Every structure is written in structure tokens, then in C-alpha cells.
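Protein sequences, first through last, are from chains F and L. Under our numbering, the very last position in the first sequence is 152; numbers go up by exactly one each time. Under our numbering, the very last position in the second sequence is 455; numbers go up by exactly one each time.
Take the hints with a grain of salt, since some may be wrong.
[As the list claims (entries may be wrong)] Calculated lysine to aspartate or glutamate pairs in the DMTMM-like style (CA-CA distance at most 25 Å, straight line): (1) Lys360(L) - Glu97(F); (2) Lys375(L) - Asp355(L); (3) Lys406(L) - Glu97(F); (4) Lys375(L) - Asp64(F); (5) Lys47(F) - Glu377(L).
[Unchecked claim] Stretch-level coverage of chain F by chain L, calculated; a stretch enters the list once three of its residues show a Cβ under 8 Å from a Cβ in chain L: (6) 68-82; (7) 112-121.
It is worth saying that the hints were derived from the structure and are not from the lab. All of these numbers come straight from a predicted model, not from anything done at the bench. Where a beta carbon is used, it is the ideal one built from N, C-alpha and C, also for glycine.
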Amino acid sequence: NAGVTQTPKFQVLKTGQSMTLQCAQDMNHEYMSWYRQDPGMGLRLIHYSVGAGITDQGEVPNGYNVSRSTTEDFPLRLLSAAPSQTSVYFCASSYQGVRTDTQYFGPGTRLTVL
Amino acid sequence: GENVEQHPSTLSVQEGDSAVIKCTYSDSASNYFPWYKQELGKGPQLIIDIRSNVGEKKDQRIAVTLNKTAKHFSLHITETQPEDSAVYFCAASSSNAGGTSYGKLTFGQGTILTVHP
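Start from the sequences, fold in the hints, and give me the full structure.
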């Protein structure tokens, strides 16, 4: 299994540009989440999904959109990039079951918005 | 919502010493407390977790303790080794009756642990 994969690894955008961060998992996990990591602030939840077709907002959802058309994929869209969205983005997935909260994280995408 | 505070932000120890990282949380409904280790350039990886019906859990050189009354939990690493050097995050979430948190974690700010040979 490849686990959780994310593309691209690095990206530089100009203010106002849009882009999609890709996330895929091959573990048949129901739950998937997007976090952003900023220095001194830990990881903060952006959006999450409990299954195909079902998404919900996390702590910092503004400026981001998500969709979940398949179990495997959970892309994160930046509608109009802003310098405040410069961050490292992590996608995570976890299995649906009793007492199975372990989240598996991807390697991250480092995004810089100029 | 939940708020998790983590201390210290940096921790430097000599190889073989013990390291302790502490976290406090605000939401009394939280009942799942994992610890993640993040190495440079990688995503966080779960190293140990504890649920609210347990006070302490050990796995070889690492242990976690939980005090629900005081709303704090701690990570203990004994006999530290240079490969323990990394960023450590605590987190908290509330699980439903089936024990599932739906992938929603609130993280602490992180602790940079450096183990000197």
C-alpha cells in the first residue's frame, strides 16, 4: 500500500490564483481530513469527510473548498490564494470502526503564496 | 470548541535522560488523546494514544498519563536516543459512543525535542 499520497510536494502561487491540492489513499479509509501546519500553531483542521459525498468544515475553512466523490480521493481547492494561506498542508485518513481513531498522514504540500 | 495547550515548545536532553511533554485541554467531553511524532519533512505519525477510561499506557520507552480531573495529559520518553529527536504533538478529540472521532483532532502547538549524543 502507498498509504496517503499528496501532490504536489511544493507549490508557489501568486495572490489571487487558484489551485487544487491532491490527496489520495489506498487503505479504503472512510474518514479523510485536511490540516494546515503553521509555526507555533500546531495543525489546524480545515475540512473533513466521513465518506464519499459527505464533507464538513473544521476550525479554519475560509478560503478552501473540498469535495469527496470517491472513497480514495479528497482534493482541497484554494479559490483565490492569499499570503495568509502560505503553510504546509497535510491530508490524513482513518478507518471507520470501533476505537479506530489512528490517523495516517500524507507527506504534506508546502505552499507559498506571494 | 476544544483548546489544547502544549509545553514546553522546545526541550533539549542528553542521550539516556528522560523527556516529559505536557498538554492541557479545555473540553471536558474530550475522551481520546493521541501523541504524534513528526520528523523533518514528513507527516505526523502516531506513537501512542490513550482514552479517558485509562490513566496510564506504556509502550516500551514511551508512556502517556492522563488526569481527567485536571484536564491534562503527558508524554514520557525514557532512555532517550538521538533518533527520538523530532517534533512531538499532542491532540485531543471527542469520540462518539462507538469510539470514533471522525478524523477531527485538535492539536497542541508542538514540542521540538533534541537529544544530544
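Checked hints:
For the given pair, Lys360(L) sits about 23 Å from Glu97(F) by alpha-carbon distance, which is consistent with the 25 Å threshold. Between the alpha carbons of Lys375(L) and Asp355(L) the distance comes to roughly 18 Å, so the proposed pair stays at or under 25 Å and holds. Between Lys406(L) and Glu97(F), the direct Cα distance comes to roughly 24 Å. Compliance with the 25 Å bound is thereby established for this hinted pair. Of the pairs offered as hints, the one joining Lys375(L) and Asp64(F) holds, with about 22 Å between alpha carbons and a cut-off of 25 Å not exceeded.
Of the supplied pair hints, the one linking Lys47(F) and Glu377(L) holds, its CA atoms being roughly 16 Å apart against a limit of 25 Å. Closer than 8 Å: that is the beta-carbon criterion, and the segment 68-82 of chain F has 9 residues meeting it against chain L, so the requirement of 3 holds. With 0 residues bearing a CB less than 8 Å from a CB of chain L, the segment 112-121 of chain F misses the requirement of three and the coverage assertion fails.
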